[in-house]
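J.: These protein sequences, in sequence, are chains U and A.
Counting with the numbering used here, you get residues 1 to 289 for the letters of the first sequence.
Counting with the numbering used here, you get residues 1001 to 1291 for the letters of the second sequence.
Worth double-checking, as some hints may not be accurate.
Straight line, CA to CA, 35 Å or less: simulated DSBU-like cross-link-like pairs of lysine-lysine [as the list claims (entries may be wrong)]:
hint, chain 1, residue 1, chain 2, residue 2
1, U, 32, A, 1280
2, U, 220, A, 1280
3, U, 161, U, 238
4, U, 220, U, 32
5, U, 238, U, 186
6, U, 32, U, 161
7, U, 220, A, 1177
8, U, 220, U, 238
9, U, 220, U, 186
10, U, 162, U, 220
11, A, 1280, U, 186
12, U, 32, U, 238
Rather than coming from a laboratory, the hints here were simulated on the basis of the structure.
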Amino acid sequence: MLFLQLLASGIQTGILYALTAAGFALIFGATKIFHVAHGATFVIAGYAFYECIQLGMWWPWATLVSFVMAILAGILMAVFIYRPIQRSEGSFFTVFVAAFGVSIAVQSLIQYFFGRGSVTVSSSLTMASEVIEGLYLAPILAVAIGVSIVLFGLVVLFLEKKNAGLGLRALSENPGLLEAFGLNAKNLTVLAFVIGSALVVPAAILTSISIGIQPSSGSKVMLISLAATIVGGIGSLKGAALAGLFLGIIENLVITVVDTQWSEAVSFFILFAFIMFRPSGLFGASVKR
Amino acid sequence: MINYILNLLTLATIYSIAAASLNVLVGYAGIFSIAHAIFFGLGAYAGAQFALLIVPDVLLASLIGAVVSGALSLLLALPALRVRGEYFVAAGLGLQMVGITIFSEAHSLTGGHGGLVGIPAATLFGFDVSSPGAFLIVCLVALLLSLAVIQILMRSSFGRALMSIRDNESAAESFGKNVPLLKTLAMVVGCAIVGVAGTLFAFNLAFINVESFTLEQSILMLAMVVIGGVGTLSGPLIGAVFLLILPAILTFIPFIPPTEIGTVQQFIYGSLMAVLMIFKPSGIAGKTGGK
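So here's chain U without its partners, still in its complex pose (with noise of 0.2 Å):
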């Protein structure tokens, strides 16, 4: 039953990661920005959401807020970071070093106001009760599950139907060609980093009911993304997504044979053999060297 257990929390986790994954890989494929400071996004959202719920918000309201406030984050990183760093073709050690700085801005701030532990929103979702014996599941996994499926179905109908979709996936082919098409590049851009923004939100929102957020939760959630980035192949969103939900999994079953303490090691460990061995990822197309 353990087992059982664990895959249960495993899939939660890694549901999170799948969301936030998605997020950074759909502005990375777009864009080629590698968006570090998007686990500031996740505690912004995550923060808002949980101030919200303090002032007393009905919880649908929270969440607009949370969605305002993180795709506000994106699009201001977009245009006040990203935009003038590559306007004077600054190179992709640049933009990393900013990001970063903004990410360390971001949570030092978050910490200076709210504290360093973590907050928890109280929620019923959370009450677990024994499902099969030994087995305890919370409503909370089935509300991830929904939310997680609907939106990556709102995702990639976007990307396949709509104009603005085939856009994105143009500027991630050559962005050159495509203003030369009439399309507005810096436009898509913004939109990359609405829609991968907005993403990361459910992630943050169901951390602060089930586990908490904390300030150092950024870059923890950062990581991971880039992680499931690579491991599913740069350019891939549902390698990504994929390769999110799998390193969740993996990091929770891994304690049935390894102490807790390695759990998190696991991840980067695999990040570094798909480096090492298979740097084009699950289902990315062959990288060159």
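Please build the complex by placing chain A on the supplied structure of chain U, with the hints as guidance.
T.: Using the frame of chain U, we list chain A on its own:
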């Protein structure tokens, strides 16, 4: 008070060595290592164990720290040869996270979370150099030697070849440069020097644990290099002094509660990194107008 200042200067010197060594990788070789604190830690643990078990001689311990750290740098050299850009950053992150777990779990070598305590007072050729003033001089000499090594190497054909790889790897390769060998050598040199810094760090505190070698520390070192100026000799020093003196100055500002100093400092260096990258990507000591 005088001891406090001496201690601060010693720490700034040690971090200057670390930042200068990271600059060999980031600034000259274009290897964007985000696991430098791991090699700092390897040097610290190796040097500390040597002092605990054999003899607390700074010079010998530093050499051991450099050898261990330099040898294990091959772990990061491997992915550096295979991938670049974001893939290499991710590999570095992987190494950093796995490394920190090993540090905190390998109790017999590192003392786990409790760390290594009671590292004996430093000696040099049998003389006690553990007083704050004497140890500062030892660290300054180490810094000067490291800078001299870096400067000589980077002025040599080795350094020029490295910079050509940084600027255009394919072009360097087509001119017959042995890219894998050069990159590996740069890696070994940078990590060996940070190993020395780690050993000095261990002697200075007489206590080390895993807290000093986390991802945050790697970022701090990276921030020192970037804020100071990538690829310059003086840049990392300016960055290190700046980022270490900053919290010391903040303690004298009355309206910041002492418990929040770390947070405020983080905010300042985070924002500085972002703002500098937008307006002056070459850093404080960098050439203006550079890309």
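J.: Hint by hint, say whether it matches the structure.
T.: Hint-by-hint comparison with the structure:
Restraint check for residue 32/U and residue 1280/A: satisfied, since their Cα atoms lie roughly 22 Å apart, inside the 35 Å limit. Distance check on the hinted pair: residue 220/U and residue 1280/A sit about 29 Å apart at the alpha-carbon level, within 35 Å; holds. Distance restraint check for residue 161/U and residue 238/U: the Cα-Cα separation of roughly 17 Å lies within the 35 Å cut-off, and the hinted pair is therefore satisfied. Between residue 220/U and residue 32/U the CA atoms are separated by roughly 21 Å; this keeps the pair inside 35 Å, and the hint holds.
Restraint check for residue 238/U and residue 186/U: the C-alpha separation of about 25 Å stays at or below 35 Å, so the hint holds. Between residue 32/U and residue 161/U, the direct Cα distance comes to roughly 22 Å. Compliance with the 35 Å bound is thereby established for this hinted pair. Proximity of residue 220/U to residue 1177/A is assessed by CA-CA distance (about 39 Å); at most 35 Å being required, the pair is judged violated. Restraint check: the Cα-Cα separation between residue 220/U and residue 238/U comes to about 21 Å, which is no more than 35 Å; the hinted pair holds.
Note on residue 220/U and residue 186/U: the hinted pairing holds, with a Cα-Cα distance of about 29 Å set against a maximum of 35 Å. Pair hint residue 162/U plus residue 220/U holds up; C-alpha atoms about 33 Å apart against a cutoff of 35 Å. Distance check on the hinted pair: residue 1280/A and residue 186/U sit about 23 Å apart at the alpha-carbon level, within 35 Å; holds. About 17 Å separates the Cα atoms of residue 32/U and residue 238/U, which keeps this hinted pair within 35 Å; it holds.
In summary, the structure is inconsistent with hint 7 from the numbered list given earlier, while agreeing with all the others.
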